Amino acid sequence: MTPVHLSARRRSGLSFLAVVGAGLAILFGAPHLVGTYGLVQLTLFAAVAIFALSQGFVWGFAGIMSFGQAAFLGLGAYAYAVAAIDMGDSTVPVLISVAVPMLFAAALGYFMFYGRISDAYIGVITLTVSVILFQLTNATSGSQYHIGQAELGGFNGMPSVPPINVPGMPDDQLDQTGIWYVAMGSLVVVYAFLRALLASRFGRVVVAIRENETRAQLIGYDPRLYKLLSFTVSAGIAGLAGCIYVNWGGFISPTVFALSMSAQVIIFVLVGGLGTLLGPILGAVLIQGLINAAGGQSAVDPNLGLGIILVAFVLLIPQGLLPTARALLARAGSRKEPARAAAETARPLAAQPLAPETRR
Amino acid sequence: MTATRPGAAPLRPLLQATDVSMRFGGVKAVDSVNFTLGEVELRCLIGPNGAGKSTFFKMLTGQLKPSSGQIRLRDADITGAHPHEIARAGVGIKTQVPNVFNALTVRENVFIGAARRTSVKRADAIVDEMLVRLRLTSIASLAVGQLAHGQRQWVEIATVLAGEPELVLLDEPAAGMTQDEVHRTAELIGEINKTHALIVVEHDMPFIRLIAKTVTVFNQGRILMEDDVGRVLADQRVRDVYLGKQAA
Chain W
19 MTPVHLSARR RSGLSFLAVV GAGLAILFGA PHLVGTYGLV QLTLFAAVAI
69 FALSQGFVWG FAGIMSFGQA AFLGLGAYAY AVAAIDMGDS TVPVLISVAV
119 PMLFAAALGY FMFYGRISDA YIGVITLTVS VILFQLTNAT SGSQYHIGQA
169 ELGGFNGMPS VPPINVPGMP DDQLDQTGIW YVAMGSLVVV YAFLRALLAS
219 RFGRVVVAIR ENETRAQLIG YDPRLYKLLS FTVSAGIAGL AGCIYVNWGG
269 FISPTVFALS MSAQVIIFVL VGGLGTLLGP ILGAVLIQGL INAAGGQSAV
319 DPNLGLGIIL VAFVLLIPQG LLPTARALLA RAGSRKEPAR AAAETARPLA
369 AQPLAPETRR
Chain R
90 MTATRPGAAP LRPLLQATDV SMRFGGVKAV DSVNFTLGEV ELRCLIGPNG
140 AGKSTFFKML TGQLKPSSGQ IRLRDADITG AHPHEIARAG VGIKTQVPNV
190 FNALTVRENV FIGAARRTSV KRADAIVDEM LVRLRLTSIA SLAVGQLAHG
240 QRQWVEIATV LAGEPELVLL DEPAAGMTQD EVHRTAELIG EINKTHALIV
290 VEHDMPFIRL IAKTVTVFNQ GRILMEDDVG RVLADQRVRD VYLGKQAA
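In order, the protein sequence lines correspond to chains W and R.
Just so you know, we're using this note's numbering here: the first sequence kicks off at 19 and counts up by one.
Just so you know, we're using this note's numbering here: the second sequence kicks off at 90 and counts up by one.
Everything labelled a hint here was simulated from the structure, so no lab data went into it.
The structure presented is a predicted model; accordingly, all values stated were derived computationally and were not measured.
Virtual Cβ for every residue (Gly too), placed ideally from N, Cα, C.
Treat the hints loosely; a few may be bogus.
Stretch by stretch, here's where chain W covers chain R in the computed footprint (C-beta under 8 Å, at least three residues) [what the hints assert, rightly or not]:
(1) 167 to 173
(2) 182 to 188
(3) 201 to 211
(4) 246 to 258
Same shape as in the complex, but just chain R (with noise of 0.2 Å):
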């Protein structure tokens, strides 16, 4: 699953999470989590609703900042630090709600996720390079605010992707997406994950077998087990917290 990359040591996640926990007042949303991303693996999450998996991904991009743990990108530690910085050391997401800067159209909203580290006119080409892949270009003069739910997630996608990422965060990239969309955003993952390390949060079952290989469970701030797809979905633990009869 590991995949070496030149410049890298061999066998050193990507992403290490180390007892980390996060906690509201009496309320640990995250509870002790170990987690190790390879490099350019596609790790899929899933559990049920409050089960932790946005509270984790708020953490791993400084949205939060953990109770406890540490949190490690290859050699930096980045527990805590602001978003900001995060971003920079190659932490990309795409969020739940669709988080895409609405009165501008959707070539100016790539842009400003290509220009911070390059220059306008490098900028420009990467934004074109963009659009064409993720099928924008014919709506990239609309402002974003009047786009449908599916479009908007596809501008959020490319704004982070123009930013070019080392890891992306995925949090429901299919929700409220038509079949077509469905089925292109599986493709999108796949082409992503050939030169990028990917984590995806979703509830879509169909979904999750179409781009897993790992999947991770979280159940109430835990993680309940990590392994191949076709034994997480056939396990009668994950079937059962998903249909609630786990009593709490």
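Extracted from the complex, chain W is given alone in its bound form (with noise of 0.2 Å):
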């Protein structure tokens, strides 16, 4: 081990202290400093960036062209409100909403992984599938398409939805502040999960694979199984984010199938920094606020808006919010101490997701 090396992990280890507490710090924090409407939006901001880590977790770091992880944000949402609905207690709902769609996603990944897709048809594919999704449940209008108790309502969606209990007490519902708690906390706990995994084996595998899928092959690795293992555990975080969704609005439509929340998390994760897992986070914090913001108004159109701010990124900062700013710190930091700089500028840019070659 040398020493650069020791102070790289230092320095990982340190971004994650830095993250997860200042997550704790706005977690606990929140609720004395904003009112309730303040609350309100800052768990709808939580369950979007959890939306955009799921995303940023298949994408950057596997490498999957998953561009319709709207699929599972849907099926998580709507798989919680049936359950919830059926059930009362809301314990087991929340499980579901991860269970169902990380089902579906190794479901639908067992084909396109072992069926060799290439990587541009696997962008079509899930995007095909979330479109599916859409019309499917746009179409469940009328009472004989229920689940239980739970009628589907087609293109008008599910109203109100059980929010989640206190464990075991149906009666005992959280209430704004309740959600608010368990969106910010599911946050951290996604973030922290994402990160240790990164760090394990199988992680560092996954990126490997992403790097040179021959390589990982010839060493001994199978890419089809660890492709498949990181769809599916992208789409129980994506089903997850789908969960908090419902909690936030106590409302479900299709809508969340719709081609447009699956575009909206891309931009979240190529705004923050594509191959990061904060960058994602403030991606959707700034973007959805945005989108918030151009609600408010009637100057211009959020959607022509957010497609001129893509626009934007992709041509003056395509690595991203996160990476460029790391980059700007490394080389205010190199003018300081041009020596030890240099051997450390290495490891800013191996975290990258795609060396400046391989992006194209």
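Reconstruct the complex from the two isolated chains, following the hints.
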């Protein structure tokens, strides 16, 4: 172990503690600082940030072009809504909201990865699947479409979905502050989980396969299995985001499967920084904030504004906010201590998802 | 030539390819090749471009499935198995164009090679040992994408060796290297050969002279001859195919 290697590991540990610390500070600080209305907004930010993490992991680290993550968000949301209405107690429905998208992703992923579908077609298939689910749920108007007591409601969706309750006590439902703790707590837990996963042998192999699938195979790893597992994990995270999304609004409609949902989360990741975990969180908060602000005015069409932002980022800051900020910091540091920084700049470069030559 | 190891039946070859052919449409890239390699043997493959050497390697590692014929590794039939299965059976390859993990550091590259068979802790120890052995310690924290071609080749060799394969295939290990690097590579091959069997594809004749004992010559998908290095390099037919005198 060289000193440089140790310092890279220590820096990574410090950044982890800093992010988790900041997350916990927001978790416990926000209820004291903002009113109920502000807390409800922040809950939505936490939900979309979890959704962005699922996209950031599957695309930025596993290199899988899953462009229909909304399918898993929607499946998680609908699974929770249906199960919560049918069961009363929300404990099992929360687990179901994670399990259903994972099972669906495992089945879909099996055919895609073991059928040797190429990267671009995986993008097409995942996107198409989300559109199919959108059309399917849209077509469930009428009382004949029900699962147990839960009517799916077609394009009108399902109103008054019961919120999460204290486990085992269906009558003790969480209020908006309680939902906030669940949402933000989940975001911190998902972030910590993904950091741990990426530091593990499994995570390191996943990233290696993204870099060079042939080499990973020739060493003895089966890329199909690693991709399937990564895809399934990301679907579970998106499902959890869906569960929190329903709890935020108390209502669910087929728009969770819409193309705009899948597109937005891709923009979150691109703006924040592909191949990072903090980047997608920041991107989600920033863009969702802009979307909310755009909704309150009528000068610019919100979708047009979002499109302009995306084009501007791809042209001006293609690496995304976080990697660009890190590179600027590293450059500022290198001016002060050229010798030390020269050895260390290698690390931020290496941490980027796609080396410049592979990013086309 | 065939050394025996404890546990291995005497005289059974490590690798045996029987009547192996590879057709691409109407072209026979490899045509009924019979090839046998003993335990801990070092074999060099030579032949002009397009002779079928790399195709043969791709069949040995599962990247291509032979059109016909059989490939056995000790007792196991590995014909047409997946690359990761063949790698697990103990075949490691350094490909002609280096296949490395560009965005990862040298250390991370070698770690991925070591970590498949063993615990993370043991893998870290293997990585340290491998970095010293291939003199990569000083560049261990650099991203492999930034390195020079020769260094990338060694990173790839280190990654392959970290997986402790039984049989190491090296496709043009000396290509694009400086004179010093070529000598170091030759030394390294000698070291590896103390415990591992190797097949080396190379065009560099001085390099072949440096390392080879037995040489197999490929030409137009077939084995032209297989003999001691001195006799092969003195052979008129071998000189002819390399100079392109033989009419197609």
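The hints, checked one at a time:
1. 167 to 173: Coverage by chain W holds here, the residue count being 3 at a Cβ distance below 8 Å.
2. 182 to 188: Coverage by chain W holds here, the residue count being 3 at a Cβ distance below 8 Å.
3. 201 to 211: Result for this restraint: holds, n = 6.
4. 246 to 258: Result for this restraint: holds, n = 3.
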